[in-house]
Amino acid sequence: MTAVAKKKLRVATVSLAGCFGCHMSILDIDERLIELLEHIEFDRSPLTDIKTCGPCDIGIVEGGLCNAENVHVLREFRQNCRILVAMGACAVGGGLPAQRNHLDIRDCLQTVYLTGMGVQRGFIPNDPELPLPLDKVHPLHDVVKIDYFLPGCPPSADAIWKFLTDLLAGRTPSLGHGLLHYD
Amino acid sequence: MSDKLPQPAGLPIFLLDGHEIPFQPGQTVMQAALEAGFYIPHLCFHEEFKPHGSCKVCTVKVNGRTVASCTTAAAADLDVESETSELRDLRKTLVQFLFTEGNHFCPSCEQSGNCKLQAVAYELDVLSAHFNPIFPDRPLDASHPDVLLDFNRCILCELCIRASSEVDGKDVFALAGRGITKHLIVNAESGRLADTKLAVNDKAMSVCPVGVIQRKRRGFAVPIGQRTYDQKPISEVTISRLQGHPIGHAEDQEGDGR
Numbered sequence: 016m017t018a019v020a021k022k023k024l025r026v027a028t029v030s031l032a033g034c035f036g037c038h039m040s041i042l043d044i045d046e047r048l049i050e051l052l053e054h055i056e057f058d059r060s061p062l063t064d065i066k067t068c069g070p071c072d073i074g075i076v077e078g079g080l081c082n083a084e085n086v087h088v089l090r091e092f093r094q095n096c097r098i099l100v101a102m103g104a105c106a107v108g109g110g111l112p113a114q115r116n117h118l119d120i121r122d123c124l125q126t127v128y129l130t131g132m133g134v135q136r137g138f139i140p141n142d143p144e145l146p147l148p149l150d151k152v153h154p155l156h157d158v159v160k161i162d163y164f165l166p167g168c169p170p171s172a173d174a175i176w177k178f179l180t181d182l183l184a185g186r187t188p189s190l191g192h193g194l195l196h197y198d
Numbered sequence: 148m149s150d151k152l153p154q155p156a157g158l159p160i161f162l163l164d165g166h167e168i169p170f171q172p173g174q175t176v177m178q179a180a181l182e183a184g185f186y187i188p189h190l191c192f193h194e195e196f197k198p199h200g201s202c203k204v205c206t207v208k209v210n211g212r213t214v215a216s217c218t219t220a221a222a223a224d225l226d227v228e229s230e231t232s233e234l235r236d237l238r239k240t241l242v243q244f245l246f247t248e249g250n251h252f253c254p255s256c257e258q259s260g261n262c263k264l265q266a267v268a269y270e271l272d273v274l275s276a277h278f279n280p281i282f283p284d285r286p287l288d289a290s291h292p293d294v295l296l297d298f299n300r301c302i303l304c305e306l307c308i309r310a311s312s313e314v315d316g317k318d319v320f321a322l323a324g325r326g327i328t329k330h331l332i333v334n335a336e337s338g339r340l341a342d343t344k345l346a347v348n349d350k351a352m353s354v355c356p357v358g359v360i361q362r363k364r365r366g367f368a369v370p371i372g373q374r375t376y377d378q379k380p381i382s383e384v385t386i387s388r389l390q391g392h393p394i395g396h397a398e399d400q401e402g403d404g405r
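Protein chains in written order, with our numbering: chain A, 16 to 198; chain B, 148 to 405.
Hints listed in this document are in silico derivations from the structure and should not be mistaken for laboratory results. Possibly wrong hints are sitting among the right ones.
What the hints assert, rightly or not - With a straight-line cut-off of 16 Å between C-alpha atoms, the simulated EDC-like cross-links for lysine to aspartate or glutamate are:
id	chain 1	residue 1	chain 2	residue 2
1	B	K208	B	E194
2	A	K151	B	D284
3	B	K317	B	D342
4	A	K177	B	D272
Given the sequences, and given the hints that come with them, work out the whole structure.
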């Protein structure tokens with residue numbers, strides 16, 4: 016067998032209830048991105064601006080679930096991605112947004128948009144285009160099956176690189192001390 | 148490891164994963180293993196206190212039965228299994244339960260990098276809490292001028308209770324409730340830490356394996372990424388910290404009622 020171009024793996028990424036910090040950390044793998052692009056091509060991702068996820072080999076999801084649209088997008092990813100990865104502290108455990116979980120959502124919205132310090136002529140946003148918030152913020156595995164977890168806030172570029180190169184080589188990703196961080 | 152330590156002559160031995168571990172009569176499997184330079188993951192065990200046996204993270208198999216190594220007396224010819232995939236999986240699940248039951252937001256925790264729960268989870272390659280999180284509501288107690296209590300992180304190891312009672316003689320902490328509602332409380336009529344005699348130099352301030360008991364205004368004096376378990380895994384840190392220290396010898400335990 017010679018010179019048969021290996022089919023590139025198709026990868027989708029998205030940030031749900033996240034801060035895009037994990038996506039910034041993907042970019043932090045720097046010139047290794049060029050090597051990565053010899054093995055993968057992007058489907059839906061902030062990097063391509065494709066709006067819906069098609070059939071993919073790997074889906075990488077940053078952020079947890081704080082509203083109805085997050086759940087919709089996560090299910091779209093699960094339906095289309097052979098391997099689904101929860102990337103970062105929010106996707107893995109809810110993260111910072113989940114720190115509102117002990118508060119009542121109505122009280123939260125009223126404090127932020129009506130009664131909070133410095134709020135003038137406030138109103139609770141109700142545009143039909145805005146997805147409804149969930150009463151609690153959930154990690155991804157609360158709603159769909161997740162195949163791999165990549166913790167970190169964000170996972171370092173080296174951790175992402177190790178994870179992806181393991182996965183692309185067909186190994187179970189293994190971070191080990193120094194790359195495995197929850198913070 | 149053990150071959151670097153002087154082998155005390157004439158001591159009985161047991162086997163830990165095939166290694167010969169000498170022990171003093173009265174020592175537990177955990178105490179003898181640590182003294183010989185072998186790490187068994189643990190959270191509620193602390194070498195300065197009587198074994199508690201509640202977290203079960205130190206579970207090993209002794210002659211085929213699962214037991215807590217911190218409360219099992221060492222005996223000649225025990226065959227102890229510790230570093231097997233079966234026991235690692237069991238410990239991992241126990242640690243995942245702890246993450247599931249509390250609110251463990253590592254990125255915003257002052258203790259991150261110095262936290263034994265986190266470090267043991269790293270050691271066991273825990274990548275998620277696996278179970279569906281409970282997100283309990285546990286308000287903070289910031290009433291004390293120098294100390295903050297963040298109950299969200301408590302794993303009920305009772306080390307602060309033991310330290311405050313046995314060393315400080317103040318009985319500042321206690322557990323209340325049963326089952327999933329069991330929780331740490333402050334032993335004052337008001338329930339507030341400010342109304343206790345807790346002081347920053349108390350032993351109870353330094354034994355919390357997680358981030359419940361925080362000295363105020365110190366949280367980020369050392370940046371995240373440069374802390375104890377960022378440098379080395381907890382197995383190495385524990386063994387090098389305890390190297391050369393006798394642990395749980397009978398002569399150290401006079402007067403503690405055993």
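Inset, instruction - Decide if the proposed pair is consistent with the structure: K208 (chain B) and E194 (chain B), CA atoms, cutoff 16 Å inclusive. - result: violated (21 Å)
Inset, instruction - Would you check the hint for K177 (chain A) and D272 (chain B), treating anything up to 16 Å between C-alpha atoms as holding? - result: holds (15 Å)
Inset, instruction - Take a quick look at whether K151 (chain A) and D284 (chain B) sit within 16 Å of each other, Cα to Cα. - result: Given pair K151 (chain A), D284 (chain B) holds - Cα atoms ~12 Å apart, limit 16 Å.
Legend entry - Pairwise hint evaluation, D342 (chain B) against K317 (chain B), where the allowed Cα distance is 16 Å at most: holds (12 Å)
Hint compliance for this structure: hint 1 alone is broken.
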